[in-house]
Every structure is written in C-alpha cells, then in structure tokens.
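Protein chains in written order, with my numbering: chain Y, 1 to 403; chain E, 1 to 517; chain P, 1 to 319; chain R, 1 to 303.
Think of the hints as simulated: they come from the structure by calculation, not from any bench.
Backbone N, C-alpha and C fix where the C-beta goes; we use that ideal spot for every residue, glycine too.
You may find that some hints are simply not true.
Stated by the list, open to error - Quick list of the computed label-pair ranges, beta carbon to beta carbon: (1) P/Asn-113 x R/Ile-269: 37 to 43 Å; (2) Y/Leu-292 x R/Val-127: 23 to 29 Å; (3) R/Ala-190 x E/Pro-334: 54 to 60 Å; (4) Y/Ile-40 x R/Val-303: 23 to 29 Å; (5) R/Ala-190 x Y/Arg-347: 55 to 61 Å; (6) P/Lys-259 x Y/Leu-19: 47 to 53 Å.
Said to hold, decoys possible - Okay, the calculated bits of chain E under chain R, using three or more residues with CB under 8 Å as the criterion: (7) 78-85; (8) 333-341; (9) 367-378.
In case you want the letters, here they are:
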Amino acid sequence: MINRQRLRLQGVSLAIPVLSVFLALAVAAALLRASGSNPIAAYQDMISSAVGSPFALGTTLVKAVPRLLPALGIAIALRAGLWNIGAEGQLYIGALAAAGVALYGPALSFPFGAALALVAAMAAGALWGAIPGVLRAFRGINEVIISLMLVYVAIQLVNYIVEGPWLAPHSTFPATSIVANAFRLPILVPGTLVNAGLIVALVAVVVTWFLISRTSWGLRVRSVGANERGSRVLGVRVSGVVVSAMAVSGALAGLAGGVEVLGTRGRLLEGLSSNYGFEAIAIALLGRLNPLGIVAASLLFGALDAGGAGLQTAAQGTPAAIVPIVEALAVVFLLIGLGIFERMRARQLAADALRRSVVPAPADESAAESGTTGPRPPATGRRHPDADDATTALLTARKAEGP
Amino acid sequence: MSRVGSGRPHGPALIALEGVTKAYPGVLACDSVDLDLRAGEVHALLGENGAGKSTLVGLLFGLQQPDSGRIRVEGAEVRVRGPRDAAALGIGFVQQHFSSIPTLTVGENLALALQGAGRPIPRRTVPARIQELSARYGLGVEPHRPVGQLSVSGQQRVELLKALAVEPRVLILDEPSSLLGPQEAEELLEILGRMAGDGLAILLISHKLEEVLRVSDRVTVLRRGRKVATVETASTSEHELGRLMVGDLATVQEAGRPAAAASPSDAPPRLSIEDLTVAGDRKADVLRGVSLSVSAGEIVGLAGLEGSGQVELIEVVAGVRTATSGRVLSGGVPMAGRSIRERQQAGIAHIPADRRNDGLVGGLSVSENLSLTELGGGKCTHFGLLRKREMTRRAQELIARYDIRVGGPAALVSTLSGGNQQKVVLARELSRDPEVILCAYPTWGLDFAATSAVHAELRRRRAEGAAVLVASVDLDELLAICDRILVMQGGRIVGEVSSSNATAEGIGRLMGGVEAA
Amino acid sequence: GGSSGSGSGSGAADAASTGKLKVAFILPGSPTDQGYNADGKRSADLVKKELGADVAVTDNVAVPNQADVYRQYAAKGYNVVIGWGGQFTDGATSVSAEFPKTDFIVVNGASENGSNLGSIDTDIEQWEFVRGFAAAKLSKSGTIAWVGGQCFPATAANLHGVEEGAKYANPGVKVLSTFTGDFEDPTKAQQATQALMGNGADVITGNLNNGWFGVYKAAEGGQGVTVANEWIESSNLAPGVIAAAVLKSQGKFVVDVLKKVQDGAFGGKHYQFPLPADWGPALSQSKLLPNDVYQAALDVQKKISDGSIKPKHDETCPK
Amino acid sequence: MTSSSISLLLVAAISLAAPLLYAALGETISENAGVINIQLEGMMLVGAFTGVYGAHVFHSTWLGFLCAVAGGVALAAVHGVACLVFRANQIVSGVVLNILALGATSYGLVVLLGSSAGNSVPTLARVRIPLLSSIPVIGPALFDQNVMVYVAFLLVPVVWWVLRRTGFGLALQAVGERPQAASSLGVAVARMRWLALLICGALAGLGGGQLTLAGLGAFTQNVTAGRGFIALAAVVFGGWRPWGVLGAILLFSTADAFQIRAQAFGAHIPYQFLAMLPYLVTILALAVLVRRRRAPSALGVNV
Ligand SMILES: Nc1ncnc2c1ncn2[C@@H]1O[C@H](COP(=O)(O)OP(=O)(O)OP(=O)(O)O)[C@@H](O)[C@H]1O
Ligand SMILES: Nc1ncnc2c1ncn2[C@@H]1O[C@H](COP(=O)(O)OP(=O)(O)OP(=O)(O)O)[C@@H](O)[C@H]1O
Ligand SMILES: [Mg+2]
Ligand SMILES: [Mg+2]
C-alpha cells in the first residue's frame with residue numbers, strides 16, 4: 001500500500017518536468033499558429049536540433065557546460081549562505097584571462113598551454129568573485145549588490161579590451177585573434193561540437209561534490225551557510241569561509257569563461273555569454289544546490305537553447321522571441337508542478353501519520369521527527385527543499401551581521 | 001512557599017477540547033485529547049518535550065486546525081480559524097516562542113496585535129493603553145523601544161501585555177516563566193493567581209513541577225500526544241506528576257544535592273577572571289569590573305536576572321565577545337588575543353545559552369555537528385579531507401555515551417528535540433575532556449529527565465577535576481549543582497554564597513533587591 | 001529536418017536542381033530597430049522581390065548561437081545563408097566547412113575561403129562623407145554631433161567619414177562625438193544627445209540601432225535641432241527633426257552577389273562595394289533640408305563616385 | 001563645469017532617477033513583506049511595453065500609464081502564483097520571469113507595435129512650477145519636469161509614511177520579518193504578501209511606463225536595459241527604507257548622467273571606463289559609507 005503510494009509519488013515527480021515542457025509547448029503552439037507557423041513542424045525541428053541526433057545531443061551538451069560550471073559555483077556560495085549574483089561577470093573575466101594567456105602568455109605545447117589558460121581563467125574568476133567576498137567579510141557589505149555591479153564592470157572591461165588593445169588585426173568585429181591550437185580544448189567526439197570542456201565540466205561536478213561533502217572546508221562552508229553565528233561561536237573563522245567560498249564560486253564561473261574561449265569559440269569576443277551566468281542562478285536553485293540536480297537542470301537549459309535554433313529557423317513568420325518564451329514557460333510550469341508535488345507529498349505523509357497513528361516517539365527521543373520509527377517513506381525530515389533551506393540560512397546569516 | 005492558586009470552587013467548563021487529533025507529516029502530535037477549562041481556575045498542562053502541548057493549545061488559538069475532534073466554548077461548538085476568531089471568543093495567548101516583531105517597537109507590536117485581533121485602536125492612544133495595562137498588572141515596559149532590544153524578560157512582558165490587551169476570558173500561557181528570574185517568575189505567578197481570582201480561565205504550560213504545584217488547581221499530563229490524566233493539584237505530588245509524564249521514573253537519574261564544597265584547595269585557580277569590563281551596545285556597560293576564580297573540581301554558579309551580565313561574562317571567557325579591559329587566565333595563561341579555536345584547544349568548553357543559534361548548526365547532521373570543533377588536528381580530518389567513517393564511529397560512540405535519542409549520526413540536528421540537541425552540544429564540548437567548562441542556561445526548556453541528565457554530567461565532570469562555571473536564571477538548578485554561587489546584578493558581582501547555606505529566597509532577594517535601587 | 005554535422009549538403013543540391021534559390025538571413029538583433037537589423041530584413045525582402053527566391057529570416061541570434069542557426073539552414077537545404085554582421089564570421093567559417101555545397105556570406109565581414117564562404121562590405125566612409133557634408137551645411141551653430149554605440153572598425157569608419165565630409169563642407173566645423181556603449185539603449189542615446197546639444201550641436205548624426213529613438217526624442221526637446229540618420233528615409237518616425245538620412249541600404253549589394261551565386265560565379269570571395277555611380281541619391285530629402293544643401297550634397301556624391309573626392313578609410317577609434 | 005552645465009546635469013539625473021525610483025519603491029514595499037522580485041526588470045519591461053501599446057490603442061498617455069500598471073501587475077501575479085501559491089523558489093521564478101518578459105515584449109513589439117506608426121506615442125509635457133523653477137542650478141532639475149517625475153519623488157514620503165505610520169505598514173513589516181509570528185497575531189500573511197507584490201508590480205510597471213511614455217515615446221526591444229537590476233540593488237543599498245533608496249538612486253543616476261556627459265565635455269577616457277563609472281561609484285560608496293542594515297528576516301522565504 002505504502003509502496004504503491006510511494007510509486008505514485010515517484011511517477012508524479014518524473015512526469016512533472018515532461019508535463020511542464022509539454023504545457024509550455026502547448027502555449028507556444030498557440031502563438032505559432034497565430035502567426036502562421038506550423039507548430040508541429042516547428043517542434044519537430046526543435047526536438048531534432050536538441051536531441052534528434054548524436055550531433056544534436058552534442059550541441060545540447062556544449063550548451064549545458066557554460067551554464068553548469070557557474071551554477072556549481074553559485075551553489076557553493078549558496079551553501080555558505082552567500083548570493084553570488086555576479087557569475088556572469090566572473091565568467092567574462094575568466095574568459096579574458098584565458099584569452100590573455102593563450103594570446104600573450106608563454107608558448108607552451110598542447111595540454112600545458114590549455115591547462116595554464118584554464119588555471120588563469122579560474123584564478124581571474126576567483127579574484128573577481130573574492131571582491132564581494134572580502135567586502136562582505138570585512139566590511140559587512142551585501143554581496144548581492146557588489147557582485148551584480150561587478151558584472152557590468154567586467155563586461156565593459158572586456159568590451160574595452162576586444163574593441164581596442166586586443167582587437168584582432170583586420171577584424172570587422174570586436175574580437176581577439178583565434179588562439180593557437182596548443183591552447184584549444186580539442187573536439188572529443190568527431191562529427192560533433194563536443195570538446196574537452198565537457199570533461200572539465202564533469203571533473204568540476206565531481207570536485208565540487210567532493211569539496212562540499214568530503215573536505216573540512218566544505219563542512220565549514222555548509223556550517224556557515226546553515227548558521228553563521230553558530231559557526232563563529234563554534235570556532236569557525238567565518239571571514240575565511242566567506243572569502244574562500246566566493247572565490248571558489250568565482251573560479252568555477254571563470255572556468256566557464258575559459259572553456260568558452262578555448263573550447264567552443266576559440267577566441268574572446270563581445271557577447272561571448274548570452275546570460276549564462278544569470279541563468280545559472282536559476283539552474284543552481286532548480287537543481288537544489290546538488291551537483292547531480294544541477295547537471296540535470298543545465299541539461300534542460302542546454303537542450304532548450306539547442307532546440308531554439310531549430311524552432312527559430314522553422315517558425316518563419318513568428319518572431320524569434322518564441323524561443324525564450326518556450327524556455328521560460330517550461331520552467332514556470334516546472335516550478336508550479338514541483339509546488340503541487342510538494343503539497344501532495346506533505347498531504348500524503350500527514351495522512352499516513354493519521355491512518356497508522358504513528359505516535360511520536362517517547363519524549364526526548366524524537367525519532368519520529370528524524371524519520372526512524374514507523375514504516376514511513378524516507379526523507380521526511382526534509383520538508384523544505386535545500387534551496388529554501390539555503391535561503392533561510394542566508395537570511396539567518398544576515399541576522400548575525402553584527403557590528 | 002505559599003500556594004497562589006485561586007482556591008475558588010470550580011464552575012462548569014468555559015472552554016473544552018473533545019477528542020482533538022492533529023497530525024503533522026510523520027507525527028501524530030495530538031491523539032484524541034480531551035481537556036476542559038473552567039472559569040477561575042489555573043489549569044496546568046504538563047508533558048515532556050515534544051509531548052504535544054504547544055500543538056494542543058495552538059488548536060485552541062486557531063494556529064492550526066484539528067484533523068478531528070471539537071472545540072466547545074460554553075457548550076457551543078466553535079471553529080477557531082485564527083487569532084481573530086480566538087480574540088472574538090475571548091482567548092488570549094502567550095506563545096512559547098515569542099510572537100513579537102523584533103524590529104518594531106513595543107507600541108507598534110501592541111497596535112499590530114490589536115489590529116490582528118480585530119480591535120484596532122488609534123496609534124496615538126497606544127502608549128496610554130500600555131500605561132494602563134502595565135499599571136494594572138505591574139508589567140513595566142517602555143512603549144518606544146524596539147522589542148528586539150529588550151531583555152528576554154522584557155520581551156516576555158510584552159507578550160503578556162499583548163495577550164491581556166484583548167481583555168480575554170481565557171488566557172493560555174506556553175512556558176511563560178522559562179526565562180524569568182525567580183523574582184519575576186514569582187510576580188508572574190501572583191498575577192496569574194489574581195487573574196484567576198477575577199474569573200479568568202488560565203491554561204499554563206510549564207516544565208517546572210514545583211511552580212505547577214504551587215499555582216494550579218488542576219493538572220493535565222500529556223505523553224506522546226495522548227492525554228495520560230487530569231488530576232486535582234491538591235491531591236498529587238511532584239513524584240506522581242513526574243511518573244505520569246515519563247511513564248517510568250526509574251530511568252530518571254535522581255537529582256541530589258552536591259556534597260558540600262569538596263576541598264577548596266590552595267592550588268591556583270584553574271580559571272581566573274580579573275577586573276573584566278565590557279562596554280555595552282547601548283549606554284550601560286554590560287560588565288563592570290568583574291573578578292572571580294574557579295578551581296579545578298569546583299562548580300561555580302552565576303545567578304542573576306536575565307540581562308545582568310552572566311551570559312556576556314561566559315561569552316568573554318569563551319572568546320565570542322571581546323572585553324574592553326581586564327584579563328582572563330586559564331591555567332595561569334592569559335587568553336587575550338586568542339581565537340575561539342585556540343581557546344578550545346587550550347581546554348575551554350563552551351555550552352552557549354542559545355543552543356539552536358549558537359551551539360549547533362541545525363542544517364547539519366549530528367555527526368557533522370560533533371565534528372565541527374575537531375576539524376584539523378587529524379581526529380576527524382586528514383589533510384583537509386573528512387574522515388567520514390571515523391566521524392560516524394565517533395558520533396555513534398558519543399550518541400551511546402551521552403544517551404542521545406536519535407535515529408543515527410546522519411540525522412539532521414534540527415530534527416532533534418530540545419533535550420537531545422542540548423546533549424549533542426554537551427557531547428561535543430565535553431568529548432574534548434576540557435578542563436574549563438562554561439555553560440549558560442544549560443537546561444533551558446528541557447524537561448525533567450533531560451535536566452537531570454545534564455546535571456549529572458556536570459557533576460561527573462567536576463568529580464574528574466574540571467572547573468565549571470554555570471550561569472542560570474533557575475536558582476533551584478544552581479542550588480542543586482553548585483559549590484558556590486555568585487550573584488550578578490547590572491554587570492557586577494553583588495554577592496557570593498556557598499550553596500550549603502544558601503536559600504533560593506535569599507539569593508532571589510540579592511538578585512532583585514539591588515536592581516530595584 | 002535533421003541537423004547532422006558533416007556531409008549533409010544534399011539538401012542544397014536538391015534545391016538547386018529545382019532551380020528556385022533558397023536564401024536565409026540571420027540577424028543579430030531586432031528587425032524593429034529601424035537601423036542595422038531593419039536593413040537586414042529589408043534586404044531579405046528585396047532579395048525575394050528581385051530574385052524570386054525563397055527567403056527565410058531569423059532575428060535576435062546571439063553570438064553563441066550563430067553557428068547553430070547557420071547549420072540549421074544549411075541542413076534544411078538553403079543554398080545561401082547570409083549572416084548580417086561581422087560577428088557572424090566564426091559561425092560561417094565553421095559551418096561552411098561542414099556544408100561544402102551551401103554558400104555562406106557574411107555582410108560587413110571580410111572572410112573568404114575561395115569556395116563557399118565569402119563576404120560583402122561597403123566603403124562606408126563614402127556614404128558617410130555625404131551625410132557629414134549635409135550635416136555641416138545644415139548646422140547654424142557650426143557644431144554637429146555624432147552619437148554611436150560601440151567603437152570598432154566599421155563604426156569608427158562611419159564616424160570619420162562624417163567628420164571628413166563635415167570638414168569638407170565647413171573647415172571650421174566642430175564635430176563632437178560620443179559612444180554610449182550600447183547601440184540599443186535609447187535612454188542612453190537620449191542622454192548623450194542632450195549633452196551634445198548642451199555643447200552647442202544643432203545637427204545630430206550617428207550610428208545606432210534602437211538608440212535612434214532616444215536621439216529623436218532629445219532633438220525634439222531642443223530648438224532648431226535636426227537629425228541626419230541612416231539607412232533609409234524614415235522621417236515619419238520624427239517628422240519634426242529628421243532632416244535627412246544617408247541612404248546606404250545594403251540589399252542591392254546582396255542581390256548583386258546572389259546573382260553571382262546563381263551564375264555559379266560566387267567563388268567564395270570578399271566583395272567590397274564603393275558608392276556606385278548609379279546609386280541614386282545617397283541622401284534623402286525632407287522639408288527640413290534646404291534644397292541648396294541637398295543639391296550640394298548630391299554634387300559631393302557625384303565627385304565621390306567619379307573619384308575626384310577620395311574619403312579616407314580610417315578605422316581608428318578616438319582616444 | 002559651468003553652473004548651467006551643472007544644472008543640466010541635475011535635470012538629467014532627476015529624470016533618469018524617476019523610473020528607477022518607481023521600481024525601487026515598489027520593491028521596497030515588496031521586500032519589506034518578504035517577497036523578492038528578481039523580475040523587477042521584467043515588470044518594468046512589460047510596463048514599458050503595455051504602456052506604449054495602451055497609449056497607442058487608447059490615444060491617451062494617461063491610459064497608457066494605466067496599462068503600464070496593468071502590465072507590471074500581470075507579471076507580478078505570475079510570480080505570485082508560482083511562489084506564494086505553489087511555493088516556488090522566489091529567485092528562480094524571478095530569473096525565469098525576466099526571460100519571459102523579454103521574450104513576450106519582443107514578441108508583442110513585432111506583432112502589435114511592429115509598424116513604426118504604432119510605436120510612436122506622444123510623451124508627457126514638462127510642467128514648469130513658477131518661481132521655484134527659476135531657482136539657480138537646482139530649480140530646473142526639481143521644478144521643471146514632467147508630472148510623473150514629481151509623482152515619483154512624492155512617492156518617497158508616501159511610502160515612508162505607509163510603512164512606518166500605518167497599520168498596513170506594520171503588518172507588512174511583520175510579515176517580512178516574522179511571518180509565523182505575524183500570522184499568530186492575526187495578520188493575513190498570504191494576503192499581505194500578495195498585496196505587497198501586486199503594488200510592486202504596479203509601481204515597477206509605472207517605472208517602465210515612465211521610461212517609454214514620459215521619456216522616449218516609443219518601445220524598443222529590451223528598452224529597460226538592466227535598469228530593473230539597478231533598482232533592485234538600490235533597495236539593498238538603501239537599507240530597505242524609502243529615503244535610503246532615494247539616496248542610492250540619486251547617487252547612481254547622477255553618476256550615470258555625469259559619465260555620459262563626460263565624453264561630450266571631452267574627457268579623454270575610453271567610454272567603456274566611463275560606462276563603468278556608475279557601478280564603481282556605487283561600490284565605492286558602499287565600501288566607504290558602511291550602513292549595515294539587514295534584510296527583512298523572511299525575505300525570499302516562502303511561508
Ligand atoms: N509545524 C510542525 N510540523 C511538523 N511537526 C511538528 C510541527 N510542530 C510540531 N511538530 C511535532 O509535533 C510534536 C509535538 O510538538 P509540540 O511543539 O506540540 O511539543 P511540546 O509538548 O510543546 O514540546 P516542548 O515542551 O518542547 O515545547 C513534536 O514531535 C514536534 O516535532
Ligand atoms: N575557516 C576556518 N575557521 C577555523 N579554523 C580553520 C579555518 N580554516 C582552517 N582552519 C584550521 O586551520 C587548520 C588547517 O585546516 P584543515 O582542515 O585544512 O587542516 P588539515 O589539513 O585537515 O589538517 P589535519 O590533516 O590535521 O586534519 C586546521 O587547524 C583548521 O581547523
Ligand atoms: Mg511547546
Ligand atoms: Mg582538516
């Protein structure tokens with residue numbers, strides 16, 4: 001009985017993403033019809049350019065990577081109770097550093113050149129991310145504003161560099177020269193666009209998971225995120241954690257910039273990122289700050305982006321804006337679906353408790369709360385998704401921002 | 001101590017709960033509970049942590065809706081959908097967790113409460129209303145101070161004021177005295193007695209059996225969401241109530257008085273504090289020239305009203321707060337300039353007053369909480385990597401040793417009951433075998449069984465030669481475990497008594513008497 | 001239509017065999033911008049009209065997505081895919097290698113591969129010289145202004161063309177210039193224009209997209225301030241201030257190059273277009289533009305096309 | 001700089017501040033009630049669009065403003081459904097609604113306003129206040145602007161008064177600070193949050209409308225160009241209080257008005273660095289004038 005219910009909940013949880021994409025497509029179909037396009041054909045093209053062939057799948061992966069890396073970083077910052085809104089800027093600065101090393105750095109041979117450029121990208125991203133961290137830790141200044149303001153500064157800086165000092169000779173648009181092969185991330189799967197950036201991203205997923213859950217630094221980060229004041233009382237140097245978490249967060253975003261320059265684009269140019277760093281905020285939270293969840297969420301965004309090219313070209317007569325509309329509606333419906341799911345689950349658990357009269361455990365033995373007595377589904381201790389926990393933690397941390 | 005109960009003959013039920021049941025996801029918090037409350041009585045509600053007391057009274061106030069069962073007011077079935085309904089029915093409520101908005105002033109909070117109860121009054125008249133209520137019940141508060149800046153007892157008074165402002169017929173109080181000093185608690189009990197005398201029905205939740213015996217007319221005991229019994233106070237005893245609550249008293253360690261101060265040796269004190277001063281956030285200094293010393297094998301108590309500086313003193317020694325002047329020496333070594341971590345390594349343990357916010361990290365697991373102070377040094381980590389297996393093993397050992405009732409090391413600390421949370425703090429701090437133990441309010445909000453466990457552990461540590469400094473507002477607690485008690489008032493030490501010849505009344509006068517000046 | 005990476009140029013061959021040309025345009029921004037992207041859309045319409053081709057347009061293609069869109073069109077069997085702007089060079093370069101049977105053109109680019117990738121550009125300073133000349137003649141204060149978005153070779157050449165033309169008309173003219181950092185933000189452009197007007201400019205030129213809306217609004221707030229904008233006659237957008245436009249719509253060049261494609265003479269080359277002798281007026285006329293100024297400007301245009309005036313090509317950004 | 005150019009700079013600063021001020025005051029109300037709106041930018045953008053569309057359809061600038069309000073409220077309502085009803089994370093919802101707003105207005109621009117005739121509406125005239133407007137230097141900036149600029153600035157004391165002096169404001173803050181406590185005090189938490197959110201939507205919509213109906217007389221794709229984010233930052237910078245928010249916005253808009261004029265005055269600094277100026281000034285001001293106010297405790301936390 002319980003199993004059947006649990007199965008049903010699992011079924012619902014799997015159906016939600018599918019259903020929400022479907023609903024978004026249904027709404028967009030009306031817009032496509034209204035402007036004279038054939039929705040079925042448009043969607044066929046959309047799906048085939050996202051997942052229809054090995055090449056398409058590769059494109060989805062390539063588009064997931066620059067979202068995945070900053071999202072991992074944002075998740076780390078959030079684990080420490082910090083909002084890194086500035087991943088977009090850190091990404092650009094990372095790209096700038098990678099291009100700088102590749103174009104003007106030492107003449108290294110293949111793996112070393114690319115590796116050095118990636119390290120430079122991470123270092124530069126870390127530096128850009130650490131600025132709001134330092135101001136937060138030592139001056140108590142809200143990291144949200146600083147990291148956001150630094151996005152605009154970073155973009156203008158990159159514009160300056162590619163429009164002026166590093167502009168490629170005879171270029172008709174603001175971009176540097178193509179970097180030498182020793183610095184490129186090579187294509188992994190011939191016949192697709194999948195480059196070694198994917199490996200970098202996968203390594204980053206594992207490393208992030210490892211850092212957070214397997215190192216003493218990760219434990220300090222989670223501790224500060226969950227309770228800043230308490231962590232301080234327990235002897236954690238909070239300022240160290242704040243600065244390092246923001247730096248690591250920036251490093252991951254910077255790495256994304258490096259991967260874009262050395263892998264996908266081959267050079268630094270204006271408009272390198274189309275809001276990857278901002279979308280990554282949604283991805284990190286949608287993935288509930290959990291590396292695997294973030295991988296899934298960035299694949300969703302990557303697929304929607306890759307599908308966008310198919311949809312855009314098929315839907316002649318319909319404004320290209322149909323693509324972001326589908327993308328956003330899919331996520332809005334997903335959010336609503338998850339909300340409905342959480343409600344169903346809570347109602348189910350309360351009903352279980354009533355039906356079985358699962359009595360709270362003896363006093364001072366709240367095993368019932370920690371989910372050990374009684375045949376109850378797992379994970380009941382976590383009524384709120386991690387993301388909400390992080391928000392709560394963040395706000396608790398704010399409270400402790402004493403003089 | 002004299003009884004302050006109304007002693008009036010009991011009338012018919014003013015308000016009654018019939019078979020109410022309330023389930024939370026995974027927990028049946030109230031299971032067919034019956035309870036009736038009569039005009040003019042003080043009715044106490046007892047039960048261990050998590051027994052369902054707060055949930056039950058929350059139903060009366062409309063904070064939650066029962067899954068089944070009825071609420072009757074003067075015989076008629078009613079639905080209480082929220083505080084506005086409750087106010088209309090004449091129910092006032094002082095919640096266990098303060099329900100004031102800390103950033104708003106006392107006056108604004110009162111205005112908000114009245115507005116929420118459906119009885120808004122013009123903003124101009126609020127101070128006058130506060131004045132009037134304060135005068136009637138002897139509750140001094142300043143209308144223009146933000147509530148967050150008041151001492152805990154001040155906040156408690158604001159809660160009372162808000163409940164009384166709606167002129168209730170029924171007043172529910174959920175652990176109102178847990179943070180009050182003896183004098184204030186005494187005053188509160190008197191007020192309650194007076195109000196019952198005026199015909200109010202009062203429902204009082206408390207963990208202090210002695211208080212319950214003194215003030216109530218009847219007692220209802222809950223255990224694991226079920227009602228165990230309702231008894232006439234006159235015909236019961238502390239022992240019987242304890243048995244009703246816990247079920248089996250044999251598991252509870254008996255709290256005996258300490259043997260008179262073991263051997264006040266001539267050895268230099270383990271912990272000494274010299275002329276410590278801490279400037280306050282506001283005008284008055286928090287600590288003013290405090291000096292004291294604690295020897296190895298001694299428990300020293302710090303008595304005082306909430307806000308008289310005991311907690312701050314402990315925080316300075318622990319390194320959480322910095323002193324403006326003065327010295328702290330541990331084992332003769334000055335602690336100035338040492339970080340919290342370094343003090344921990346120097347053998348100082350700290351059990352903070354606010355365990356949820358200061359002592360634990362709720363979002364982490366039990367084993368992670370137990371390891372947080374052990375990062376580095378190889379016990380739980382190896383070159384910066386967590387030794388998960390070792391952490392789990394150690395956590396299991398501590399869970400067993402300190403009898404922490406929890407599913408396992410991986411359970412989130414926030415899911416533990418208050419008593420078990422406190423045991424996690426104790427286990428973590430004491431597992432380092434500290435030579436100096438600082439505790440503030442070590443049993444705040446804990447039930448009977450948990451309290452005795454904490455006391456027993458502190459006594460055991462003393463026997464092993466630790467120097468223990470305990471701050472508490474609960475004089476009975478200090479009398480039960482301390483060798484010496486220092487009384488603090490307004491940031492100074494105003495007296496010292498040896499626990500063998502002290503009485504609660506005597507210390508209480510010392511604590512409060514000077515303050516009145 | 002599946003989009004596989006390599007070797008699927010078959011669609012293009014099919015289309016070619018049916019004889020009807022299929023051309024796709026990829027625009028970087030919004031075709032409603034009354035500027036560069038609108039000209040792209042207009043060029044697409046011209047191609048349809050002149051060549052009877054099947055024309056597809058995709059707008060708002062961000063830099064990171066350009067190659068995907070190129071590839072979609074190539075895979076769908078379009079014979080020619082045109083990227084509207086130099087920033088499409090990278091996408092065209094990579095996809096042209098994957099689809100050898102499809103031709104790729106970058107407008108305002110410089111790439112060529114000798115087979116299926118070529119580009120189109122114009123000697124922009126020759127047009128802008130005419131605009132600069134008219135602007136200086138129009139100015140009563142002797143100060144004109146140029147408002148731009150960002151500075152890179154093409155936009156710098158635009159500015160210098162205007163400057164040179166203005167100096168030619170009136171050696172004592174002052175040409176003020178500002179880059180707002182954003183072609184699209186009309187509020188910034190409005191602010192910049194107001195500032196330039198505050199410094200005495202009474203004729204405003206420039207190089208913007210959506211930013212033009214802000215220029216018009218600012219000019220409307222001034223006294224006797226007029227605007228000389230770009231691409232096509234569009235004085236209906238702000239009849240009170242738009243005195244002239246430099247007519248440099250690139251559709252005609254695209255048609256020319258597409259004809260070469262049809263004739264099999266494309267050859268993957270770069271095509272650079274000077275102001276042609278048969279261009280027609282390079283300046284639009286309006287009631288705000290005195291006829292003598294208009295006629296003088298047309299004279300200048302004639303001298304440019306016959307080579308007696310040679311505007312310099314200068315790509316350097318002002319320091 | 002001469003006094004007349006300073007005067008012109010101030011005129012520009014004040015009119016640049018107005019749209020930001022509407023959005024930021026709306027956000028101040030909403031954040032005080034615990035609802036964070038990353039989609040402030042999106043609400044401005046939708047308001048900017050519906051404002052122009054409304055003014056075009058109804059041939060009235062004032063009805064245009066009304067439509068701007070409706071547009072902002074509509075996007076706020078989507079946020080409310082996602083977060084207040086279905087408990088979605090407020091940040092995720094906000095980020096995504098920005099994408100939706102940009103897509104939807106770009107779509108609407110092509111479909112509804114595509115023709116250049118539709119995309120040109122009359123703008124508000126300036127209303128010169130006699131005497132006051134002739135005060136040297138500051139007169140024109142403060143007393144020779146369009147009506148909606150005056151309204152924006154008058155809203156500052158109004159919002160202050162509502163938040164600090166009315167029962168509604170008290171309840172709002174209670175909800176943002178301690179929602180559980182507020183609920184037990186009888187405050188209808190959900191209703192208050194909805195109200196605050198919709199007011200924010202209305203004001204953000206007005207801010208967008210101010211940009212297009214008072215400023216440009218047209219809608220262009222992404223016409224807000226990040227101003228919603230600046231308003232969001234101003235709320236934090238201003239310490240969640242109307243007067244602080246006003247200060248933050250004036251600082252930013254003055255720096256912005258200055259940087260764009262610096263080139264016209266012949267400053268030999270690359271324009272990219274000038275464009276950074278407002279952001280750098282904000283960072284610097286924050287670093288120097290440390291004012292640590294904390295956010296409402298329950299900001300972004302669903303209840
Ligand atoms: N909102 C809630 N959601 C889920 N479970 C809850 C909630 N509130 C209370 N519980 C659970 O219901 C049970 C009864 O809790 P309640 O607060 O009523 O206990 P209590 O008797 O007041 O304890 P204490 O003496 O510690 O205050 C506990 O197991 C508690 O964890
Ligand atoms: N943010 C911080 N707050 C408090 N202490 C810190 C902080 N960062 C590092 N430390 C302390 O600095 C030292 C080095 O930290 P780390 O945990 O990396 O050590 P480790 O390499 O794991 O050492 P071991 O191998 O002995 O476990 C430790 O004593 C650690 O507790
Ligand atoms: Mg309780
Ligand atoms: Mg370690």
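Going down the list of hints, with the structure as the test:
no.	hint	verdict
1	P/Asn-113 x R/Ile-269: 37 to 43 Å	holds (40 Å)
2	Y/Leu-292 x R/Val-127: 23 to 29 Å	violated (59 Å)
3	R/Ala-190 x E/Pro-334: 54 to 60 Å	holds (56 Å)
4	Y/Ile-40 x R/Val-303: 23 to 29 Å	violated (43 Å)
5	R/Ala-190 x Y/Arg-347: 55 to 61 Å	violated (18 Å)
6	P/Lys-259 x Y/Leu-19: 47 to 53 Å	holds (51 Å)
7	78-85	holds (count 3)
8	333-341	violated (count 0)
9	367-378	violated (count 0)
The structure is inconsistent with the numbered hints 2, 4, 5, 8 and 9, although it conforms to all the rest.
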